[in-house]
Amino acid sequence: MKFAINKTDLQTLSQHPLFWVILSLSLVITPHLGRFPIWSIFLIALLFSWRLLCIKRPHWLPPKWLLLIIIVFSSAGLFFHFGTLFGKTAGSVLLSILLAVKLHESHSRRDYMLLISLSFFIIITNFLFSQSIPTVIFMLCITLVLLVSMITINQNNAAIDNLTKLKLSVKMLLQALPLMLILFVLFPRISGPLWKLPEEDSSAISGLSDTMSPGNISNLIKSSSVAFRVQFKNKIPAQQNLYWRGLVLWYFDGQTWERGKQNITPEPTLLTSTNKIDYTVTLQAHQKKWLYALDIPVDIPEDVIYTRNFVLRSQHKITSLYQYHLTSSLNYKIQSDISPWEKSAGLKIPPQSNLKTLFKGQQLAQRFSQPEDIVDHVLKTFNREEFHYTLKPPLTPGANPVDQFLFETKRGFCEHYASSFTLLMRAAGIPARVVLGYQGGTINPMTKVLTVRQSEAHAWSEIWLQDRGWVRIDPTAAIAPQRIEQSLDAALDINESRPLHIQLSSSVFKNIFFYWDAIDNRWNQWVIGYDTAKQKELLSKLLNQRIIFSDIVILLLASFSLVLLITTLFIFQPWKRTRLDPVIEAYNEFCKKLSLKGITRESHEGPFDYSLRAIKTLPEHKNSILLITRLYSKLRYESSHSDNQLTQFKQLIREFNPGRTPGR
Amino acid sequence: MRNSLPLVPRFAERFIQRFAKKRQPPTTHQVEINRHFLYILPTRHGVVFFIVLLLILFGAINYENSLGFMLAFLLGALSLLGMIYTHQNINKLNVHIGRAEPVFVGQNMSFPIILSQKTKQLRPAIQLLSQTEQVSHVHLINKTSSTSQLTCTAQHRGYSTPGQIKLFTEFPFGLFHAWSWLNLDSRCLVYPAPYSHSLPNFKTDQDAHGSTTNMKQGIDDFSGIRSYQDGDQPNHMAWKAIAKTGKLQTKLFSNETSQDIWLRWDQLDPTLDIEHRLSFLCRMVLDASNHSRNFGLDIPGTKIFPSHGLQHKQQCLKALALFGL
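Chains X and Z supply the protein sequences, listed in that same order. Heads up: the first sequence is residues 1 to 664, going by the numbering used here. Heads up: the second sequence is residues 1 to 325, going by the numbering used here.
Chain X on its own, in the form it takes in the complex (with noise of 0.2 Å):
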């Protein structure tokens, strides 16, 4: 048995049919890998090139039995690892075994094309993981690739070398490119899903949980993703200001915060609000209900509920991209009066552990009289003492991680800080809460769109105090005043390392950071987030007045059929069969020339007469014109003949002149 390939054998195979499906299947299924168990992309991985093997050798291939096992223990383990057969996950994977098997089956055209037809499927079950930018460039190159299988399988062995066929696929999805994004723009969106959706596993979605415990809002700082994107009416607040509110966590364990149950309570009322800021945000999905506005929302769209905690909640997930217009006020008063329930949820003190912390309240409260005053010793506790603000914190397990971080420790981040803060203020007996968002953001200076990213995460507490009623506390201002100032970059430590896209955004590639954050958020804007709604906005705007669905339908045949008909004047290009064969048009010019001396064709001549009376008028050209109706008619009428010939004889007509005698 031979195993040397050499490289005849490799362009045999280039030319193959199977050999381009399972390039094609390879490539659809590549971006899925990440997601699928190991196991199963050794066994895809396995039979593709167990069927390369079999191309040349037919007698290799398994016996439909085992086959049949493969599906079947592989079904048993997806069964296993995902719990269901019908996931997102488990049925790609699923579906990328089953073609895999299939391939072992395959042998005629006619299963090629169904393999090939499945492979543009499993492109879009990768659309629901991933729509960004690279996700399409990858979906037109795999597209081309599946273009230049389907051209090999159907070429009845025609001696066309790969480059031509992928030259003519390129030329095909560039026509293609124009009629796609009339479709795109035009065809009538359907708002709301066909049929119930499954529930989504939201692992794979980052953003922050209705929790918070040590440690997870430090993780999510190294993802770069983006939060949600904000476009400011007129001014854009002071980067201090910029407290985007999510939740309110009024429940402790000791460990872990948490939203608790929800209590039905009256509507907030806000006292005075001034300082008032028009925006848009731009929210990615993120599989949860609460929405962020900036601390507080005093303006809010009609379908968005407004809970007593001043924060915002829709009625349905958020899975995918959606989008909100609010007022916020900077400066702002709440009702001074507290209900009963907040009062004791908000006293509310986790028995038995942290005692140090609780001891340290009481402490407190029997020091100093006024609430202000103990709020600002903590603070100044903070920021004096050897407290640190660090992405990476000393774990601090066991049951009381508020006691080891307050006295131990010292080192944290500002779930840490607002954990303790928050403790601390109950213990002393002052209502208080932690708030989860985001804090900051990027403007990008090109299009002035605020960018939050996850990195921005940040956690802070509020208060509640005689008079001013609930009021923000952030205790991360006191120890890294530049967290909050400027930001996270600001705040960190020299010599900490920071996840890639703070030093991006930094260094001298700062410029194309912000140039593709500016690509990346047209692009959530007007593809990700052209629905039903975006379609209206944006045909009103073009036709400059109100669309209803019939408008739309026409405008879309009527678009449609015009591009058509353009794409397709470009491949039959009526203008170039006007064009004449070279050979007709050299011809022309010697009849010119000739013509010129008063010998001029008749439509009737056939070339040879044409020629004899020319030589009886300039008997002194009788060679070159002999040659030239013989070189014509050759080429003319016979169906073999090369290049060369007709350089000459194009040569041969440009060097004539019959206004001159020869060898003189």
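Hints were generated in silico from the structure; no laboratory data involved. Treat the hints with care, as some may be off.
[To be verified] Computed list of lysine-lysine pairs in DSS-like fashion (alpha-carbon distance at most 25 Å, straight line):
hint: 1; chain 1: X; residue 1: 650; chain 2: X; residue 2: 622
hint: 2; chain 1: X; residue 1: 356; chain 2: X; residue 2: 380
hint: 3; chain 1: Z; residue 1: 118; chain 2: X; residue 2: 167
hint: 4; chain 1: Z; residue 1: 118; chain 2: X; residue 2: 650
hint: 5; chain 1: X; residue 1: 171; chain 2: Z; residue 2: 318
hint: 6; chain 1: Z; residue 1: 120; chain 2: X; residue 2: 167
hint: 7; chain 1: X; residue 1: 171; chain 2: Z; residue 2: 120
hint: 8; chain 1: X; residue 1: 634; chain 2: X; residue 2: 616
hint: 9; chain 1: Z; residue 1: 92; chain 2: X; residue 2: 171
hint: 10; chain 1: X; residue 1: 616; chain 2: X; residue 2: 593
hint: 11; chain 1: Z; residue 1: 303; chain 2: X; residue 2: 634
Since the structure of chain X is already known, use the hints to place chain Z on it.
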């Protein structure tokens, strides 16, 4: 003819054929395919592809997935372009048919087909389907013309036409089947099928010799009449025939061609039917020719005097092929 169109039931194909017949160009030896008689339908793969495309579209609507929409629309546009390209692959294609060499019944006639175009457009994977469902492939790649053989089994003796040819293509994507039915003017002479066993007469030299002695029938054996040629003996004039026709005719006698073989219709078993007799005679002609003998053919209506050579053989076979037609 088996239905050759994808996804079209037989009765519908017959209907389409009837429709196509009215639009067909006159039968000539050359035709340029144009949209008047160029038809296109999706293939089975095309339908499967379309179903997958719909699945992608429904998935995109359901998940409000913009990229899903994009892929569905891209594939839609590509298949539409594929249709145009498939159509273009044979549109404005010149088809020229040549003469086919004579064959025997049961053999394959092969008509040379020349496909040509004015430009150097890439037109690969063009297929020709003959009446007897033989397929031949033609690829026009970087050239203006290409020749192929249309093979078609000869069914009966005499002149045979290629009949209705189907020229089709599914290039580039195999999603559409574009075709044109062509009636091209060409004919092929089909000789009767030679009797499948060699006849004893010519099996060996000795046998052949024996048979020749059988055929030597002396000077008085009248063997036929031909028109008068200079030098013919006057006592051999066929006066009766001259009286009947008014032309000079000469009687021929076997001994004049004593080295010659006469293959005669009448010598054969009279119980045999015509085709069998022709088949026997055909075999005799071939065998005699193979043994380089001088032979003549005498069948009702035609009499070919003994001679030899390829042309003579072809003349005899032609006479057999066209007997009674």
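These are the hints, each one checked on the structure:
no., hint, verdict
1, X:650 - X:622, "holds (18 Å)"
2, X:356 - X:380, "holds (19 Å)"
3, Z:118 - X:167, "holds (22 Å)"
4, Z:118 - X:650, "holds (19 Å)"
5, X:171 - Z:318, "violated (55 Å)"
6, Z:120 - X:167, "holds (16 Å)"
7, X:171 - Z:120, "holds (17 Å)"
8, X:634 - X:616, "holds (23 Å)"
9, Z:92 - X:171, "holds (21 Å)"
10, X:616 - X:593, "holds (16 Å)"
11, Z:303 - X:634, "violated (45 Å)"
Of the numbered hints given earlier, the model fails hints 5, 11; all others are met.
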